[in-house]
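Here's the letter readout for the chains.
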Amino acid sequence: MTTQSRGFLRDNSLSLAFGALFLLTLVGQALSGLADYNAQQVAQGLATVSLGDYVTSSTFGVDVMENWQSEYLQFFLFIYATVWLIQLGSTESKPVGEEGKESDEDQKLGRHTEPSSPVWAKVGGWRTALYSRSLGTLMGVLFLLTWAASAVAGWAAYNSEQLADREDPVSWLGYLGEADFWNRSFQNWQSEMLAVGSMAVFSVYLRQRGSAESKPVGESHAATGSSG
Amino acid sequence: MSSATARPLVLVIGGALVLLAAGCASAEQPQVERVATVFEDPSADASTRCDLLLPTAREQLEQDEQSSCVEAINSLPLDGGDVTGIEVWGGDAQVRLGQDTVFLSKTPGGWRVAAAACTPRTERPYDCQLEAS
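Here the protein sequences line up with chains U and A, keeping their order.
For reference, each letter of the first sequence is one residue, going 1 to 228 in the numbering used here.
For reference, each letter of the second sequence is one residue, going 229 to 361 in the numbering used here.
Incorrect hints may appear among the rest.
Okay, the calculated beta carbon distance ranges per label pair [said to hold, decoys possible]:
#1 U/Q187 x A/S271: 49 to 57 Å
#2 U/V42 x A/D292: 45 to 53 Å
#3 A/A255 x U/G110: 21 to 29 Å
#4 A/G338 x U/Q190: 49 to 57 Å
#5 U/Q40 x A/Q294: 29 to 37 Å
#6 U/Q208 x A/R349: 52 to 60 Å
#7 A/N302 x U/Q190: 35 to 43 Å
Stretch by stretch, here's where chain A covers chain U in the computed footprint (C-beta under 8 Å, at least three residues) [unchecked claim]:
#8 44-52
#9 57-64
#10 165-179
The hints are simulated quantities; they were obtained by calculation from the structure and are not laboratory data.
Predicted, not measured: the structure shown is a model, and the values here were computed from it.
We put the beta carbon where it would ideally sit given N, CA and C, even for glycine.
Sequences are here, hints too, so could you generate the full structure?
Set out below in structure tokens:
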């Protein structure tokens, strides 16, 4: 496997492409959301708002955060689940028999580190312990932060709707007990769990030639963890 | 990740966001209170009170009473009283007075009354005698 750099753009084409797609779709959400919001405002005889006002509103905020929190929850659960759980034949799984944290030799730790190993993998102690959990930890922290943000933005948006419907607003703790908060959370979570489960199963039997997410076309269904 | 690490982070971020939201809302409270108290003041000029109505609320009032707002507004049970509570969320607000509850909406020209003479109902929206269509 070659590790020679071929230039920044080619070496980072995947992240750059999805970064650009993220920005484009976020702009699309802002524009379409603004149009939808202003249509509702006009229907209620109220004034329309500018794009700047809309993207700083709780309505836009909750719509963005409720999606981000579910994505980070998905990755948090998937990263930790694939330490212990197996899907025979799937590219999303380790091979059968390798459940668990694996040996230091397999993980290139301790006396098995290599010159090119990351610094915090070589130093040992709490740094290596933390680094060994850094990916899942970051996803978990990002999930909690974005879930908290969606709870606050959702609370503000919910209370605005309450007043528009001539009902009393609720406290933040009260909002955490409202169906609106949990409906938003569960509707996002179910799609993420479906996506992971689908990918785990589909990758057993289906192929996409050349994709890192697929087994080689001619690979057997029982081969687990291979890709390319 | 330990809960001992996560919980303080959530509380700090959540608290900061709550304070931000509260700060933005509190800046609007003086204007909301002024509009509501002037509207609910029976001694205030009828034309001024009518100008504080959302256009659609004014239209609904005139349609229901079959008269101009200036003539109809004094017949409404807008009993006012001291302000006991103010809630501002985005472009919507609620002012609770001793004898009434008023709902307001924000327009380019400022806050305007969207509903008044409102009576609370258990687990249902307020019943408002004056309401924007």
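Kindly indicate which numbered hints from before are broken by the structure, ordering the numbers from low to high. 2, 3, 4 and 7
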